[in-house]
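K.L.:
First to last, the sequence lines map onto chains A and B. So for the first sequence, this note's numbering puts the first residue at 20; every next one is plus one. So for the second sequence, this note's numbering puts the first residue at 1088; every next one is plus one.
If you are wondering where the hints come from, they were derived from the structure by calculation, not from laboratory data. Among these hints, one or two may not hold up.
When the alpha-carbon atoms are kept at most 20 Å apart in a straight line, the in silico SDA-like pairs for lysine to any residue are as follows [unchecked claim]:
1) Lys1153(B) to Ala160(A)
2) Lys29(A) to Phe1211(B)
3) Lys196(A) to Gly109(A)
4) Lys181(A) to Tyr1212(B)
5) Lys29(A) to Val1134(B)
6) Lys1153(B) to Thr85(A)
7) Lys1153(B) to Asp1116(B)
8) Lys181(A) to His123(A)
9) Lys181(A) to Trp191(A)
10) Lys29(A) to Leu1206(B)
11) Lys29(A) to Ala1209(B)
12) Lys1153(B) to Pro153(A)
13) Lys181(A) to Ala1207(B)
14) Lys1153(B) to Arg203(A)
15) Lys181(A) to Ser1174(B)
16) Lys29(A) to Arg1216(B)
17) Lys181(A) to Val1134(B)
18) Lys29(A) to Arg1214(B)
19) Lys29(A) to Arg1175(B)
20) Lys196(A) to Gly165(A)
21) Lys1153(B) to Pro130(A)
22) Lys181(A) to Ala1209(B)
23) Lys181(A) to Leu114(A)
24) Lys181(A) to Pro73(A)
25) Lys29(A) to Tyr1212(B)
26) Lys1153(B) to Gly109(A)
27) Lys1153(B) to Lys196(A)
28) Lys1153(B) to Lys115(A)
29) Lys115(A) to Arg203(A)
30) Lys29(A) to Leu1208(B)
31) Lys181(A) to Phe1179(B)
32) Lys1153(B) to Glu154(A)
Here chain A is said to cover these stretches of chain B; the calculated rule only asks that three of the stretch's residues, wherever they fall, bring their Cβ under 8 Å from a Cβ of chain A [said to hold, decoys possible]:
33) 1137-1151
34) 1206-1213
Yeah, the Cβ is synthetic: ideal placement off N, Cα and C, and Gly gets one too.
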Amino acid sequence: MSAAVSFPMKRFLFLLPLALFLVIAGYFAMGLTRDPRVLPSVLINTPVPEFALPSIQGRDRGFASTDLQGGVALVNVFGSWCVACRVEHGFLMQLKQRGEIPIHGIDWREPDREAGPRWLAKYGDPYALIGDDPESRGVIAFGVTGAPETFLVDRQGVIRHKHVGPLTPEVWDRTLKPLIAELRKQ
Amino acid sequence: MKLRLLLILWTWLAAAPALAVDPREVLADPALEARARALSQELRCLVCQNQSIDDSDADLARDLRKLVRERIAAGDDDRRVIDYVVSRYGDFVLLRPRLTPATYLLWFGPLAIVLLGLLALAVFYRRNRADDPAVPAPLSPDERRRLESLLKDGPR
C-alpha cells in the first residue's frame, strides 16, 4: 500500500463508526414511522383456509369457506363491541345499496347471542352471509389480529387483498375498486 | 418474626395461581398440558405483541391457546401446531425467530459485530506495539559514539 493512497483513507477512518451508526439509526428511524399493528398478511394470494361458521340468531345459514367460490367478494370482520366497525358501517351500507360487491361478515366474539343481531338491526345489515365466530375460529383462519379487517377474495376463493382498519371511500376508490375491476376481468 | 415470614410465604403462594391460563382451558393429561404450555410460550399474542399467548389475557390469545390445546388433543405434533399458526399469521407469531437464510443476519449479526470489534482491537494493539516508545530503536553507530564520549567525559 503506497503512502499517498493510504494517508487520506486513514485520516477519515475514524468517521467509519459514525457512518455505521448513522446508517443503522436511519433504518431504525424508518421503522418508527411504520405502524406495528399493520402486519403483512402471509395469506395474500393463497386460497382461503377452510372454515365453517354457524349462523347468527335470526338468519337461517352461516358462512363457510366454500361460499367464497364463484364470485369476487369482500369478507369483513366486525363485532358490536368494535368502535371502528361503527365508523365503516355507513360506507358498507352504501356499497350494498350501490350493489357494488357481495360483502360477507364474520361476527367476531359477541358478548352474547343477541348482541350482533341487535347491532345490525340498529345500524343496518350490509352482509350477504354472516358467520358467528364466538371462539375466533374464522378470525384465526384469516390471520386477523383486530377488527375491523376486510379481505378481498377472487372467484377462485383466493385472498387478494387485506385492509386493516375501517374501510373508507378513499380506500375503496384508490385500492379496492381498481383491484375488483381487474379481478372481474379475469 | 417467624409469623411474619410465614405470612410473606403465604402471600407468595396465594399469588401463584394468578396466571392468564384459565383452569377451564387446562387439558386433563398433564403431559399434553405441559406441551401446550411450552408451545403457548413460543407464540406471540397478536394483540399485545410483546407477550406470549401464554401470558396474555387478550381474548384472541385465549382463543389461540384453546386452538393449540385442541390441535394437541387431536394428536398433532408440536411442529404441526406451530406450522398451523404460522401459516395464518406468518413468522411474526414466533417469539423465537426460526433459523432460515432470511434470519441469518438477525441470529449471527451481533456475533459478527463482536468478532469485527475483537479484530479491530487486535490490529490496533499490534500496530501500537510496533512503534511503542517504551521499546526504543537500537542506537545508530553515531549515537553510540556520542554516548560513550558523554559517559567518559561528562557533559561539556
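K.L.:
Determine for every hint whether it applies to the structure shown.
P.N.:
Now the hints, each set against the structure:
1. Restraint check: the Cα-Cα separation between lysine 1153(B) and alanine 160(A) comes to about 14 Å, which is no more than 20 Å; the hinted pair holds.
2. Restraint check for lysine 29(A) and phenylalanine 1211(B): satisfied, since their Cα atoms lie roughly 13 Å apart, inside the 20 Å limit.
3. Of the pairs offered as hints, the one joining lysine 196(A) and glycine 109(A) holds, with about 17 Å between alpha carbons and a cut-off of 20 Å not exceeded.
4. Of the pairs offered as hints, the one joining lysine 181(A) and tyrosine 1212(B) is violated, with about 56 Å between alpha carbons and a cut-off of 20 Å exceeded.
5. Under the criterion of a C-alpha separation no larger than 20 Å, the hint pairing lysine 29(A) with valine 1134(B) is inconsistent with the structure, at around 50 Å.
6. At most 20 Å may separate the alpha-carbon atoms for a hinted pair to count; lysine 1153(B) and threonine 85(A) exceed this at roughly 25 Å.
7. Taking the CA atoms of lysine 1153(B) and aspartate 1116(B), the gap is about 15 Å. The hint holds against a cut of 20 Å.
8. As the CA atoms of lysine 181(A) and histidine 123(A) are separated by approximately 14 Å, the hinted pair is consistent with the 20 Å bound.
9. A C-alpha spacing of about 12 Å is found between lysine 181(A) and tryptophan 191(A), which places the hinted pair at or below 20 Å, so the restraint holds.
10. For the hint pairing lysine 29(A) with leucine 1206(B), the CA-to-CA distance comes to about 17 Å; that is within 20 Å, so the pair holds.
11. Between lysine 29(A) and alanine 1209(B) the CA atoms are separated by roughly 17 Å; this keeps the pair inside 20 Å, and the hint holds.
12. A C-alpha spacing of about 12 Å is found between lysine 1153(B) and proline 153(A), which places the hinted pair at or below 20 Å, so the restraint holds.
13. For the hint pairing lysine 181(A) with alanine 1207(B), the CA-to-CA distance comes to about 48 Å; that exceeds 20 Å, so the pair is violated.
14. Restraint check for lysine 1153(B) and arginine 203(A): the C-alpha separation of about 39 Å exceeds 20 Å, so the hint is violated.
15. Between the alpha carbons of lysine 181(A) and serine 1174(B) the distance comes to roughly 16 Å, so the proposed pair stays at or under 20 Å and holds.
16. Our distance criterion of 20 Å between C-alpha atoms is met by lysine 29(A) and arginine 1216(B), whose separation comes to about 18 Å.
17. The straight-line distance between the Cα atoms of lysine 181(A) and valine 1134(B) is roughly 18 Å, inside the 20 Å bound, and the hint therefore holds.
18. Under the criterion of a C-alpha separation no larger than 20 Å, the hint pairing lysine 29(A) with arginine 1214(B) is consistent with the structure, at around 13 Å.
19. With a CA separation close to 52 Å, the supplied pair lysine 29(A) and arginine 1175(B) exceeds the 20 Å bound.
20. Between lysine 196(A) and glycine 165(A), the direct Cα distance comes to roughly 23 Å. Violation of the 20 Å bound is thereby established for this hinted pair.
21. A threshold of 20 Å between alpha carbons decides the hint, and for lysine 1153(B) with proline 130(A) the separation of about 18 Å falls inside it, so the pair holds.
22. Straight-line distance between C-alpha atoms of lysine 181(A) and alanine 1209(B) comes to about 52 Å, which puts the hinted pair past the 20 Å bound.
23. For a cut-off of 20 Å, the pair hint linking lysine 181(A) to leucine 114(A) stands: about 17 Å separates their Cα positions.
24. About 23 Å separates the Cα atoms of lysine 181(A) and proline 73(A), which puts this hinted pair outside 20 Å; it is violated.
25. With a CA separation close to 16 Å, the supplied pair lysine 29(A) and tyrosine 1212(B) stays within the 20 Å bound.
26. Annotation: proposed proximity of lysine 1153(B) to glycine 109(A) is violated, straight-line Cα distance about 34 Å (limit 20 Å).
27. For the given pair, lysine 1153(B) sits about 38 Å from lysine 196(A) by alpha-carbon distance, which is inconsistent with the 20 Å threshold.
28. Our distance criterion of 20 Å between C-alpha atoms is broken by lysine 1153(B) and lysine 115(A), whose separation comes to about 35 Å.
29. In summary, the hint linking lysine 115(A) to arginine 203(A) is supported, as the alpha carbons are separated by about 18 Å, within the 20 Å threshold.
30. Our distance criterion of 20 Å between C-alpha atoms is met by lysine 29(A) and leucine 1208(B), whose separation comes to about 16 Å.
31. The straight-line distance between the Cα atoms of lysine 181(A) and phenylalanine 1179(B) is roughly 17 Å, inside the 20 Å bound, and the hint therefore holds.
32. For the suggested pair lysine 1153(B) and glutamate 154(A), the alpha carbons sit about 9 Å apart, so the restraint of at most 20 Å is met.
33. Residue count for the stretch 1137-1151 of chain B with a Cβ under 8 Å from a Cβ of chain A: 4. That meets the three needed, and the coverage hint holds.
34. Only when three residues or more bring their CB closer than 8 Å to a CB of chain A does the claim for the stretch 1206-1213 of chain B stand; here the count is 0, and the claim is violated.
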